[in-house]
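Visitor: With these hints in hand, go ahead and build the complete structure from the sequences.
The opening residue of the sequence shown carries number 2 in the numbering used here; numbering runs sequentially from there.
To be clear, the hints were calculated from the coordinates, so they are not data collected in a lab.
All C-beta atoms, glycine included, are put in the ideal place defined by N, C-alpha and C.
Wrong hints could be hidden among the right ones.
[Unchecked claim] The following label-pair restraints were derived from C-beta to C-beta distances:
(1) Lys-106 to Glu-77: 27 to 37 Å
(2) Pro-61 to Pro-93: 28 to 38 Å
(3) Ile-84 to Glu-28: 14 to 24 Å
(4) Glu-50 to Lys-74: 16 to 26 Å
(5) Gly-101 to Pro-123: 41 to 51 Å
(6) Gln-30 to Pro-123: 31 to 41 Å
(7) Ala-38 to Phe-62: 16 to 26 Å
(8) Asp-81 to Arg-48: 19 to 29 Å
[Claimed, not checked] Calculated pairs, DSS-like style, for lysine-lysine (alpha carbon to alpha carbon, straight line, at most 27 Å):
(9) Lys-37 to Lys-21
(10) Lys-64 to Lys-74
(11) Lys-40 to Lys-106
(12) Lys-106 to Lys-37
(13) Lys-83 to Lys-44
(14) Lys-64 to Lys-44
(15) Lys-40 to Lys-64
(16) Lys-64 to Lys-106
(17) Lys-67 to Lys-44
(18) Lys-67 to Lys-83
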Amino acid sequence: MSLIYNKKTNQENNHESNTKPPTTMEERQRQRFVDKATKVSAKYLRRLEELNGAPETMQPFFKVLKDIYVDMKNVEKPADTKIVGTYCVMVPDELIYAVGAQPVKLCSGSYTAFAIGDDLVPRDACPLIKAV
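Guide: This is how it looks when you write it as structure tokens:
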């Protein structure tokens, strides 16, 4: 079983049906970001599904990822939610939750890029700093 990925993103479908196209620079930037993010997400989800030997039991997880990152279902935050963006994967989410906010990681959190700087920067330093 394979999930179906539309070539059009959810945002494009919404624009065709019931919303006007973005008019301000900020709206256009946001739209480009959303379009690119959904396209990249769909690409990587397709790759995951095409892996040889991927068990059928992974389909519910793929569906959740598709719903959130490709179809953008339930991604709007409530108006009263505070957002704290961090570049460091080492910022404890508990501290952010403790002040009543929602953490958002602004970088991928990948530890691959910092491997080169690992010898030059202290071991406990932020991976983003090591990557620079």
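Visitor: So, for every hint listed, does it hold in this structure?
Guide: Verification of the hints:
no., hint, result
1, Lys-106 to Glu-77: 27 to 37 Å, "violated, 18 Å"
2, Pro-61 to Pro-93: 28 to 38 Å, "holds, 30 Å"
3, Ile-84 to Glu-28: 14 to 24 Å, "holds, 19 Å"
4, Glu-50 to Lys-74: 16 to 26 Å, "holds, 19 Å"
5, Gly-101 to Pro-123: 41 to 51 Å, "violated, 32 Å"
6, Gln-30 to Pro-123: 31 to 41 Å, "holds, 36 Å"
7, Ala-38 to Phe-62: 16 to 26 Å, "holds, 19 Å"
8, Asp-81 to Arg-48: 19 to 29 Å, "violated, 38 Å"
9, Lys-37 to Lys-21, "holds, 19 Å"
10, Lys-64 to Lys-74, "holds, 11 Å"
11, Lys-40 to Lys-106, "holds, 20 Å"
12, Lys-106 to Lys-37, "holds, 18 Å"
13, Lys-83 to Lys-44, "violated, 31 Å"
14, Lys-64 to Lys-44, "holds, 14 Å"
15, Lys-40 to Lys-64, "holds, 16 Å"
16, Lys-64 to Lys-106, "holds, 22 Å"
17, Lys-67 to Lys-44, "holds, 11 Å"
18, Lys-67 to Lys-83, "holds, 25 Å"
Of the numbered hints listed earlier, those contradicted by the structure are 1, 5, 8, 13.
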